[in-house]
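The chain contents come next:
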Amino acid sequence: MSENLLSRRAFLQFSGVAARNSLIVLSLPTILTACKEAALAQTENARFTALGSAEAAEFAAIAARIIPTDETPGATEAGVIYFIDNVLGSSRAEMLEPMRAGLAELQAAGSSMYGTKTFGTLSNAQQDELLASIEETQFFNTMRYLTIAGMFALPEYGGNRNLLGWKMIGFEDRHMWMPPFGFYDADYAAKGE
Amino acid sequence: MAWTSFPTREEVDFVVVGSGAAGGIMAKELSTAGFSVVVLEQGPHLHPGDFKHDEWSYTHNEELTWGRRKGHPQTFRKYEHEEAKMVDSGVLNYAHNVGGSSAHYSGNFWRLRPIDFQEASIRGPIAGTNFADWPITYEELEPYYTKVDWEIGVSGLAGPWDPPRSRDYPCPPMPVKASGVLMERAGKALGYEPYPAPVAILSRPHNGRPACIHCGFCNGFGCEVAAKSSSAVTMIPLAEASGNCELRTGCTVSRINTNDAGRVTEVVYWEEDGTEQAQMAKAVVLCANGAETPRLLFLSESSRFPDGLGNSSGMVGKNLMFNGSSNAAGLFPEPVNAHKSIPTTRVIHDFYTIDPSLGFYGGGGIDCRSLTRGLPMAAAMRGGTFSGSSWGSDFKKDLMMEFTHTASFNGHCTTLPLSTNNVTLDPTVKDKWGRPALRTTFMNHPDDLATMKFFMERSMELMDAAGAIKKVGSYAENGQTGGVHLLGTCRMGNDPATSVVDRYNRSHDVPNLFMVDGGSLVTSGRGQPTMTIMALAFRAADHIIQAARRNEI
Chain A
1 MSENLLSRRA FLQFSGVAAR NSLIVLSLPT ILTACKEAAL AQTENARFTA
51 LGSAEAAEFA AIAARIIPTD ETPGATEAGV IYFIDNVLGS SRAEMLEPMR
101 AGLAELQAAG SSMYGTKTFG TLSNAQQDEL LASIEETQFF NTMRYLTIAG
151 MFALPEYGGN RNLLGWKMIG FEDRHMWMPP FGFYDADYAA KGE
Chain B
1001 MAWTSFPTRE EVDFVVVGSG AAGGIMAKEL STAGFSVVVL EQGPHLHPGD
1051 FKHDEWSYTH NEELTWGRRK GHPQTFRKYE HEEAKMVDSG VLNYAHNVGG
1101 SSAHYSGNFW RLRPIDFQEA SIRGPIAGTN FADWPITYEE LEPYYTKVDW
1151 EIGVSGLAGP WDPPRSRDYP CPPMPVKASG VLMERAGKAL GYEPYPAPVA
1201 ILSRPHNGRP ACIHCGFCNG FGCEVAAKSS SAVTMIPLAE ASGNCELRTG
1251 CTVSRINTND AGRVTEVVYW EEDGTEQAQM AKAVVLCANG AETPRLLFLS
1301 ESSRFPDGLG NSSGMVGKNL MFNGSSNAAG LFPEPVNAHK SIPTTRVIHD
1351 FYTIDPSLGF YGGGGIDCRS LTRGLPMAAA MRGGTFSGSS WGSDFKKDLM
1401 MEFTHTASFN GHCTTLPLST NNVTLDPTVK DKWGRPALRT TFMNHPDDLA
1451 TMKFFMERSM ELMDAAGAIK KVGSYAENGQ TGGVHLLGTC RMGNDPATSV
1501 VDRYNRSHDV PNLFMVDGGS LVTSGRGQPT MTIMALAFRA ADHIIQAARR
1551 NEI
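Heads up: the protein sequence lines correspond to chains A and B, in order. To convert, note that position 4 of the first sequence is 4 in my numbering; the numbers rise steadily by one, no gaps. Every position in the second sequence, counted from 1, becomes a number in my numbering once 1000 is added.
Because the hints were derived from the structure by calculation, they are not lab data. Quantities reported herein were computed from a predicted structural model and do not represent experimental measurements. Careful: at least some of the hints might be erroneous.
Claimed, not checked - Think about it this way: if two alpha-carbon atoms lie no more than 30 Å apart in a straight line, the pair counts; the simulated DSBU-like pairs of lysine-lysine are: (1) A:LYS191 - B:LYS1188; (2) B:LYS1085 - B:LYS1453; (3) A:LYS191 - B:LYS1470.
Stated by the list, open to error - Okay, the calculated beta carbon distance ranges per label pair: (4) A:GLU193 - B:MET1401: 25 to 31 Å; (5) B:ASP1273 - A:SER112: 51 to 57 Å; (6) B:ALA1158 - A:GLY89: 20 to 26 Å; (7) B:HIS1081 - A:GLY89: 41 to 47 Å; (8) A:SER112 - B:LEU1358: 53 to 59 Å; (9) B:LYS1397 - A:GLY120: 20 to 26 Å; (10) B:GLU1083 - A:ALA186: 28 to 34 Å; (11) A:LYS191 - B:GLY1191: 48 to 54 Å.
Glycine included, every Cβ here is placed at the ideal spot set by N, Cα and C.
Model the full structure from these sequences, guided by the hints.
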């Protein structure tokens, strides 16, 4: 089932001008219903739709190490897990079972390394060490993909709550801007270049 | 307005397949000249109010650019001896909607220059390639470039950097962005001549459309205020208002039928619910782009046209060109905010023709952009551009600085036409309609790679001159694996043995069949081909109208 997850190389391609070569797919296309996950938007305190609460807590704990909470909010505060739950139940349904299998492997590794199966109960240092050991796996890359998507997608998909993802990097979604847009064009105008 | 409607079993004057850059112009020109026109478009008719700032949907769920998730898989291989593999998103990327890719493009409107049309003669042939002169000159196309400027709507500044023009731009250049200032200052310091980027985005109201409000969602998105000059907001409304044009959306063409005389008679298509229809027509104009037009020709094979309709030359699908690309990203001490406003505001064309003594063919231009189209998710997916961090606290801190403080100087350059780079029908993979998937075979000529490297190096020098604190450059050193400029696959030429359409875009083999889109280009130009596709469409329409009036189609 790992063909439904992302390889490291494939993952990076999503940052290009156009996403391509990204999923390694060996099956014929599944035509999913139109991507109207927005209709399934999560609200505060919503229940999970695709995930059970225990596994949701584990995925949320992983997301919290990918975009941690430090001096500023991270994946947890942005509600990334609700995005993940949303898309694993809709446009990325093909990823659900492989992600469960990946989580089980991670938990088994945690169990043998630290004697604790539950990822969420490990210390931050242990969690980071464990994740670093699986950094090249499709499971981790897909987890990273979903975490980032949930951090920066429109809030109507369930994550990016209170626009925390956008605020973090200095992006503001507006329909209108006026020049100057940055420092250098303001300087250019001031100097009459 | 009463909707125009034509019966399928009576001949209309023209069926136009595709409503994009060329198809929109063809529909408007033919219908306003009094001919009956049916336009068949696979996608929906989206209006400005339908477009959203929705990166997840547009970039990852194929909202406009249909691919595997929407039932339109594609396959790719570098060489013909390999088996092509299915890839997730499109290799050949284009938008499926009225306006085609002119709805989601960046609107960079570089004209070709006189040398582009005669470069093979001037520079000499390049062994192992199909590098050739065009059958037309810049002078012949210039009036149509000017027509594009004024009818479609282009903003720019005429100057010594421009190829010769018969009329000024209708709109002044767009306001310079911080990334443009960085490139302009760096370019001048290095002795180049940076100039305001010509763009099909309105800097002031024109033809009843408003000026850009700088929202930042151009590339890959549709314009919410119709300030971006797509054919959907410039040409299609005029075609519909003529009363002679019926736009049928959600219609996917399966084949073009011909009669015993070798003439096109009807276009067969599926409506959205799968109902098969066939529209009879006196003539057919294929404007389905450099990927879909060759696929349709292949699918329309018959005993009379065993290698595909209009393919006696064997050149249909061949000579696929994308335009090379490269970039250098730089981190700056102060905010750049490249995510605001249009993608690019300055261009450097001082390397339009690279010195042949360097030992390879090539040329291009450099513009200034965001590295990741100004998109938050894309920036984060890429990971720390200058550190390589990809998760954790360091990754987060990198993103917080990089998103607002990065500019990218991008090279756009030549691709050589090769028979071995092509679009064909995949032997096994099918789309949702059961049609063979598009199969791309593509590996850049060594000169393409050298040209991309050359432009990355120039961009890196510019980054130093601009005062970047950190910089990183890249190009497709192992060859490009896809593109948005789909060029060369139905090339224009005087010789029916080596080209698909004549100098007026008429099929050499089928007198009432025309192919007008990126496939017509003989050489790649230096990037940004849509301006030329549109000029060719206006020119072809002029000649088609004259020929039709003389009963010579």
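Hint check:
{"no.": "1", "hint": "A:LYS191 - B:LYS1188", "result": "holds, 16 Å"}
{"no.": "2", "hint": "B:LYS1085 - B:LYS1453", "result": "holds, 27 Å"}
{"no.": "3", "hint": "A:LYS191 - B:LYS1470", "result": "holds, 26 Å"}
{"no.": "4", "hint": "A:GLU193 - B:MET1401: 25 to 31 Å", "result": "holds, 26 Å"}
{"no.": "5", "hint": "B:ASP1273 - A:SER112: 51 to 57 Å", "result": "holds, 55 Å"}
{"no.": "6", "hint": "B:ALA1158 - A:GLY89: 20 to 26 Å", "result": "violated, 55 Å"}
{"no.": "7", "hint": "B:HIS1081 - A:GLY89: 41 to 47 Å", "result": "holds, 43 Å"}
{"no.": "8", "hint": "A:SER112 - B:LEU1358: 53 to 59 Å", "result": "holds, 58 Å"}
{"no.": "9", "hint": "B:LYS1397 - A:GLY120: 20 to 26 Å", "result": "holds, 24 Å"}
{"no.": "10", "hint": "B:GLU1083 - A:ALA186: 28 to 34 Å", "result": "violated, 55 Å"}
{"no.": "11", "hint": "A:LYS191 - B:GLY1191: 48 to 54 Å", "result": "violated, 21 Å"}
Checked against the numbered hints above, the structure violates hints 6, 10, 11; every other hint is satisfied.
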